[in-house]
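Engineer: Sequences listed follow chains A and B, in order. For what it's worth, this note's numbering labels the leading residue of the first sequence as 0, then goes sequentially. For what it's worth, this note's numbering labels the leading residue of the second sequence as 0, then goes sequentially.
A couple of the hints might just be wrong.
If several chains are the same, the list does not tell them apart, and a pair holds so long as it fits within one copy or across any two.
Below, in silico cross-link-like pairs of lysine to any residue (SDA-like), each with a Cα-Cα straight-line distance of 20 Å or less [claimed, not checked]:
no.	residue 1	residue 2
1	K8	D36
2	K8	T103
3	K8	S51
4	K8	R52
5	K8	W32
Derived from the structure by calculation, the hints contain no laboratory data. Computed from a predicted structure; not experimentally measured.
2 protein chains.
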Amino acid sequence: MAFDPSSLKYDAAGLIPCIAQDHATGEVLMLAWMNADAVARTLETGRVTYWSRSRAAFWIKGETSGHVQRLVELRLDCDRDCLLALVNQTGPACHTNRRSCFYTAVREGDEVVISQPMA
Amino acid sequence: MAFDPSSLKYDAAGLIPCIAQDHATGEVLMLAWMNADAVARTLETGRVTYWSRSRAAFWIKGETSGHVQRLVELRLDCDRDCLLALVNQTGPACHTNRRSCFYTAVREGDEVVISQPMA
Chain A
0 MAFDPSSLKY
10 DAAGLIPCIA
20 QDHATGEVLM
30 LAWMNADAVA
40 RTLETGRVTY
50 WSRSRAAFWI
60 KGETSGHVQR
70 LVELRLDCDR
80 DCLLALVNQT
90 GPACHTNRRS
100 CFYTAVREGD
110 EVVISQPMA
Chain B
0 MAFDPSSLKY
10 DAAGLIPCIA
20 QDHATGEVLM
30 LAWMNADAVA
40 RTLETGRVTY
50 WSRSRAAFWI
60 KGETSGHVQR
70 LVELRLDCDR
80 DCLLALVNQT
90 GPACHTNRRS
100 CFYTAVREGD
110 EVVISQPMA
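The shape of chain A in the complex, shown without the other chains:
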């Protein structure tokens, strides 16, 4: 069946969450949002493209930072309301310069920072 971005289920703002996962290591890097056009652009260009809710604009990941996400494979879930992008991530995915945005763990009731910014 041909994939049509408009067949996904978007929220009231026209957005769908997309998890970015490192294709090689399986590390979950980040979660951001796409609209139907961002999904289409991601597939057309192979460059993972989100919709920035704060800037209300397309966000071609790495366009200014150089920390590009190349799409390896896009997957959708059973409810068609969440995406999983397997990516080749150049450098850090996080704006704090860490590889992953999920660098804080809850351990014994405390927040613990478990990874440091990349050199």
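Since the structure of chain A is provided, determine the placement of chain B on it from the hints.
Structural biologist: Then chain B, alone, in the frame of chain A:
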């Protein structure tokens, strides 16, 4: 710093997305939603507990199906608006009886089912 579920950023409905990842294999299993009480219950009980948007009720994963998610570690992202739960998943995470909800890939413009229900 002590972790306080109310310190997370919830959406207008009081919810935050939570990615469940297999602790052992790194496979991304599903994404569902939690409210602050569900976050607290997950940490207190070690049983991953979502908020079901369709039922408007707590959803203790596996309570009826037996496909329990035991929490190994809860992580939060840099913006505090997304959670990552590392879990021990008993059986399938997906209601289709597949291990992961992300069993459909987009390949050369087509939707391709890449995993089958568990026996």
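Engineer: Would you mind marking each hint as holding or not holding in the structure?
Structural biologist: Evaluated hints:
When the C-alpha separation of K8 and D36 is checked against a cutoff of 20 Å, the pair qualifies only within one copy, where the shortest distance is 13 Å, while the shortest distance between copies is 26 Å. For the homomeric pair K8 and T103, the shortest alpha-carbon distance between copies (15 Å) is at most 20 Å, but the shortest distance inside one copy (30 Å) is not. Taking CA atoms no more than 20 Å apart as the test, K8 paired with S51 passes in both settings, with 18 Å inside one copy and 17 Å between copies. In this assembly of identical chains, the alpha carbons of K8 and R52 lie at most 20 Å apart whether taken from the same copy (18 Å) or from different copies (14 Å).
Taking the shortest Cα distances, K8 and W32 sit within 20 Å of each other both inside one copy (13 Å) and across copies (16 Å).
Against the hints set out earlier in the document, no violation occurs for any number.
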